[in-house]
Amino acid sequence: MSGGASVGMIQHIPILQVAIPLIAAPLCSLIWRRDLAWLFTFLVTIAAFLMSLHLLDRALVEGPFVYELGGWPPPWGIAYLIDPINATVLLIVSMIAVVVLPFARKSVDAEIDERSQPLFYTAFLLCLSGLLGVVATGDAFNIFVFLEISSLSTYVLVAMGAKRSRKALSAAYNYLIMGTVGATFYVTGIGLLYMVTGTLNLVDLAERIPAIGESRVVEAAYAFIVVGIGLKLAMVPVHTWLPGAYAQAPSMVGAFLAATSTKTAIYVLVRFTFDVFGPDYDFGLFILDKVLLPLALVGMVAGSVVACYQTDLRRVLAYSSVAQVGYMILAISLVSTAGLAAGVLHLFNHALMKGALFLALGCITLNTGLLRGGAVTVEGIAGLGRRMPLTMGAIVLGGLSLIGVPLTVGFISKWLLIEATIADGRWWLAAIIVGCSLIAVIYVWRIVEAAYLRASDPDVEVREAPLSMLVPVWVLVIANIWFGVDATTTVSIARQAAAVILGDAP
Amino acid sequence: MESSLLEFLIPRLNYVAVVLLMMIGLYVVISRGNLVKKIVGLNLFQTSVFILYISVGKVEGGTAPILTGQPEVFSNPLPHVLILTAIVVGVATTSVGLALVVRIREAYDTIEEDEIEDADEAADAALEVKS
Amino acid sequence: MRHHLVLRVVSKILMPFIILFGLYVQFHGDFGPGGGFQAGVIVAAGVILYALVFGLETARAAVPDRAVLILVPLGLLIYAGTGFVTLFLGGGYLDYDVLGSTPTAGQHLGIIVIEFGVGVTVASVMVAVFYAFAGRSDEIEDGDW
Chain P
2 MSGGASVGMI QHIPILQVAI PLIAAPLCSL IWRRDLAWLF TFLVTIAAFL MSLHLLDRAL
62 VEGPFVYELG GWPPPWGIAY LIDPINATVL LIVSMIAVVV LPFARKSVDA EIDERSQPLF
122 YTAFLLCLSG LLGVVATGDA FNIFVFLEIS SLSTYVLVAM GAKRSRKALS AAYNYLIMGT
182 VGATFYVTGI GLLYMVTGTL NLVDLAERIP AIGESRVVEA AYAFIVVGIG LKLAMVPVHT
242 WLPGAYAQAP SMVGAFLAAT STKTAIYVLV RFTFDVFGPD YDFGLFILDK VLLPLALVGM
302 VAGSVVACYQ TDLRRVLAYS SVAQVGYMIL AISLVSTAGL AAGVLHLFNH ALMKGALFLA
362 LGCITLNTGL LRGGAVTVEG IAGLGRRMPL TMGAIVLGGL SLIGVPLTVG FISKWLLIEA
422 TIADGRWWLA AIIVGCSLIA VIYVWRIVEA AYLRASDPDV EVREAPLSML VPVWVLVIAN
482 IWFGVDATTT VSIARQAAAV ILGDAP
Chain D
574 MESSLLEFLI PRLNYVAVVL LMMIGLYVVI SRGNLVKKIV GLNLFQTSVF ILYISVGKVE
634 GGTAPILTGQ PEVFSNPLPH VLILTAIVVG VATTSVGLAL VVRIREAYDT IEEDEIEDAD
694 EAADAALEVK S
Chain L
352 MRHHLVLRVV SKILMPFIIL FGLYVQFHGD FGPGGGFQAG VIVAAGVILY ALVFGLETAR
412 AAVPDRAVLI LVPLGLLIYA GTGFVTLFLG GGYLDYDVLG STPTAGQHLG IIVIEFGVGV
472 TVASVMVAVF YAFAGRSDEI EDGDW
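Protein chains in written order, with our numbering: chain P, 2 to 507; chain D, 574 to 704; chain L, 352 to 496.
In isolation and in its complexed conformation, chain P is listed as follows (with noise of 0.2 Å):
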């Protein structure tokens, strides 16, 4: 390439950050050897990585910019939209795929078939992809399109968990039959939108629906929309796909699901509520007020207290993540700046802890000696505290950050939540907070309780896990504790999307 060309790829990188996981999956398809394709998909995670940052910080110094698409100008043609959220939310999920890959390596080793390998690899390049183009794309048909691609995707990845326990097939079956309704949801409210307003575009669907006014369709329209991905993000009382999926997937899937895919779902939200409809949409304000916040409190004290009674502890950092969603929700429904930078913030600080629980559980998952029935439980666990100490470690560290113990991000998210529902007036939310981090301290203490101060069971081999499972565990935690802190970047970053897309001056 001439250095002409190259100055010119550029500019390409906002489809360039889909179009290269999507073009590496059918080529991973057709490479038959299990480690080459574990290399290729590390490499083009990092490329994904690296554009993803590039974009950030494009976006961050430029202000939002659009790539069209096919040379078509919209509102005729695609629209690639990046915005400050949209870039925090792209580098998050390439952020989390470049972690999750070199741990992958031994865990998928042992938990995956060797010939299924490389289509292992394809389905997790077709989700990767999925999951960017949602973010990237700013034309509301092409969410539906990469909402499924990521979906189905996910959907066979977390079936690939049934060689450790037949209820993965039923978990995954389960999620697919909500995930399709939600996308079905979806897609009805984009219909009904561009009956009344004539097109896709997501910049000419803010300028054209103020227009309107008063009308049944466009409220009907929102009301489609919200439930349709309320069902992807887990919103109470649509979860139940979560914790069964959560917890049968293979390992490393969890993790990179949890940490990824209901993120996703709540930029959405937070890009149809925010810029699609528009702040002052007394509709959407009714919905949001009326019921997004009723549904995210019971979501938090719901999705807290039942994680206390669960035996898996996969499930219990599930139902965790379904209370941490409910905050996420919590922080939207308050229609504020500082409401919606404490919900982006969120958005990835839990990436950073769940992540690291996540993939520290599938430290211990190799130790198949501990697994009762393919799960590790809080039996399971008994006395691993001296046995694997950097893992148990990396998990007391996690748990901190969950329940938002200062020098951690957990404190920060929290922190800036509370001072948001504090400016908003509402004591009583802020008080639901503290108590829901309070829950969170009981089903931390299990853990801790079971790994350090029971004795272990003599006759099961336990040793700690290899150092290229351990090495993105702890990166996660060091993260964890680094942005905790010293959180001025993340905060800033996060304020600045806030304010770009509530239309304020940045």
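Derived by calculation from the structure, the hints in this document are not laboratory data. Heads up, a few of these hints could be off.
[Claimed, not checked] Mimicking SDA-like on lysine to any residue, the simulated pairs with C-alpha atoms at most 20 Å apart in a straight line are:
id	chain 1	residue 1	chain 2	residue 2
1	P	LYS164	D	ASP693
2	P	LYS164	D	ASP697
3	D	LYS610	L	PHE484
4	D	LYS610	P	ASN175
5	P	LYS164	D	THR683
6	P	LYS164	D	ALA590
7	P	LYS164	D	ALA680
8	L	LYS363	L	PRO415
9	D	LYS610	D	GLU685
10	L	LYS363	L	ALA413
11	P	LYS107	D	GLU694
12	P	LYS164	D	GLU694
13	P	LYS164	D	LYS631
14	D	LYS610	P	MET179
15	D	LYS631	L	PRO384
16	D	LYS631	P	MET196
17	P	LYS164	D	LEU671
18	P	LYS164	D	ALA692
19	P	LYS164	D	ALA672
20	D	LYS631	L	GLY385
21	P	LYS164	D	ARG678
22	D	LYS631	D	ALA590
23	D	LYS631	L	GLY383
24	P	LYS164	D	ASP682
25	P	LYS164	D	VAL674
[Said to hold, decoys possible] Which stretches of chain L does chain D cover? Using the computed rule of at least three CB atoms under 8 Å from a CB of chain D, they are:
id	stretch
26	384–390
27	460–467
[What the hints assert, rightly or not] Selected chain L positions facing chain D (Cβ under 10 Å, derived; list incomplete):
id	residue
28	ASP381
29	VAL473
30	VAL476
31	MET477
32	ARG487
C-beta atoms are modelled at their ideal positions from N, C-alpha and C, and glycine is treated no differently.
Here the structure of chain P is known, so what remains is to put chains D and L in place on it, guided by the hints.
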């Protein structure tokens, strides 16, 4: 009262069809325990969305949206393209779902949802007794 | 299906016409209803008909597993690859204008190529799914009918 309801519905027959199919499809998904029947219900539900898009894309007096060189009134081609994509997505979802049902049948020997739940609970209870 | 002579003779005669019709639908997508997905399904239906009437092993000999598993990613590579070709030729991603001497010729060529990619992938995926499902249980004997 009766005739005005009919008068209201007859010109909007396509929306009636959409609502009927959507509700029937959702009902089948929720109420039937057989895994294959759920997938059938899902397909019905998706078909209602296809009808919604295509029926509103028809322009009165418009013909098929294929350029013939003569000035004519064409129906809107965009919904057709969107629904083609959605149909492909539906087919892919059905095949993944059916593949899962085949594997579930091999693992559990049944495709009834309540029997699968019972088998899972029995396996969990057996584990509890063991440990 | 040894005993069902009429079925066997008729489907043997029809098979090439089915494939031909599929190709017609594929390449006349810009003049009438048609395109990649429809054509792919028609071709796959022909192969599945062959497998139903003459048995899975005969069909597998005619359209081998290996070929199908290579065709599946190939179609997607053709589609995404066209995008990269337009990138290297100086246009945007999937900007067909740069593919031909005039923008119209470029658009025409671009659409034909990507629709062909779609057709290849859809046909091979349908056949692959059928092989995967049918290959899991024993073949049904004639007496079972």
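Hints, verified against the model:
For the suggested pair LYS164/P and ASP693/D, the alpha carbons sit about 16 Å apart, so the restraint of at most 20 Å is met. The straight-line distance between the Cα atoms of LYS164/P and ASP697/D is roughly 17 Å, inside the 20 Å bound, and the hint therefore holds. Annotation: proposed proximity of LYS610/D to PHE484/L holds, straight-line Cα distance about 18 Å (limit 20 Å). Restraint check for LYS610/D and ASN175/P: the C-alpha separation of about 13 Å stays at or below 20 Å, so the hint holds.
Among the hinted pairs, LYS164/P with THR683/D is consistent with the structure: their alpha-carbon atoms are about 19 Å apart, no more than 20 Å. Distance hint between LYS164/P and ALA590/D is unfulfilled; the C-alpha atoms sit about 44 Å from each other, more than 20 Å. For the hint linking LYS164/P to ALA680/D, the alpha-carbon distance of about 11 Å falls within 20 Å, and the restraint holds. The hinted pair formed by LYS363/L and PRO415/L meets the criterion: a straight-line CA distance of about 18 Å does not exceed 20 Å.
Between LYS610/D and GLU685/D, the direct Cα distance comes to roughly 10 Å. Compliance with the 20 Å bound is thereby established for this hinted pair. For a cut-off of 20 Å, the pair hint linking LYS363/L to ALA413/L stands: about 13 Å separates their Cα positions. Only pairs whose Cα atoms come within 20 Å are accepted, and LYS107/P paired with GLU694/D is rejected, the gap being roughly 31 Å. Taking the CA atoms of LYS164/P and GLU694/D, the gap is about 19 Å. The hint holds against a cut of 20 Å.
Between the alpha carbons of LYS164/P and LYS631/D the distance comes to roughly 50 Å, so the proposed pair goes past 20 Å and is violated. The hinted pair formed by LYS610/D and MET179/P meets the criterion: a straight-line CA distance of about 15 Å does not exceed 20 Å. Straight-line distance between C-alpha atoms of LYS631/D and PRO384/L comes to about 16 Å, which keeps the hinted pair within the 20 Å bound. Our distance criterion of 20 Å between C-alpha atoms is met by LYS631/D and MET196/P, whose separation comes to about 11 Å.
At roughly 19 Å between alpha-carbon atoms, LYS164/P and LEU671/D fall within 20 Å of each other, so this suggested pair holds. Proposed proximity of LYS164/P and ALA692/D is supported: the alpha carbons are some 17 Å apart, at most 20 Å. Between the alpha carbons of LYS164/P and ALA672/D the distance comes to roughly 16 Å, so the proposed pair stays at or under 20 Å and holds. Of the pairs offered as hints, the one joining LYS631/D and GLY385/L holds, with about 19 Å between alpha carbons and a cut-off of 20 Å not exceeded.
Restraint check for LYS164/P and ARG678/D: satisfied, since their Cα atoms lie roughly 15 Å apart, inside the 20 Å limit. The straight-line distance between the Cα atoms of LYS631/D and ALA590/D is roughly 16 Å, inside the 20 Å bound, and the hint therefore holds. For the proposed pair LYS631/D and GLY383/L, the alpha carbon gap of about 17 Å is at most 20 Å, so the pair holds. Using a Cα cut-off of 20 Å, the hinted pair LYS164/P and ASP682/D holds, with the two alpha carbons roughly 17 Å apart.
The straight-line distance between the Cα atoms of LYS164/P and VAL674/D is roughly 16 Å, inside the 20 Å bound, and the hint therefore holds. Proximity of the stretch 384–390 of chain L to chain D, defined as three or more residues with a beta carbon under 8 Å from a beta carbon of that chain, is established by the 3 residues found. Coverage of a stretch by a chain is defined here by at least three residues with a beta carbon nearer than 8 Å to that chain's beta carbons; for the stretch 460–467 of chain L and chain D the count is 0, and the condition is violated. Of the supplied interface hints, the one on ASP381/L holds, with its beta-carbon coming within about 9 Å of a beta-carbon of chain D, less than 10 Å.
Using the Cβ-Cβ criterion of 10 Å, the hint placing VAL473/L at the interface with chain D is satisfied: the shortest such distance is roughly 8 Å. The interface hint given for VAL476/L holds, since its Cβ lies 8 Å from the closest Cβ of chain D, which is under the 10 Å cut-off. The restraint placing MET477/L at the interface with chain D holds, with a minimum CB-CB distance near 9 Å, inside the 10 Å limit. For ARG487/L, the interface hint holds, since its Cβ comes within 10 Å of a Cβ in chain D; the closest pair sits about 6 Å apart.
Hints 6, 11, 13 and 27, counting from the list given before, are not met by this structure.
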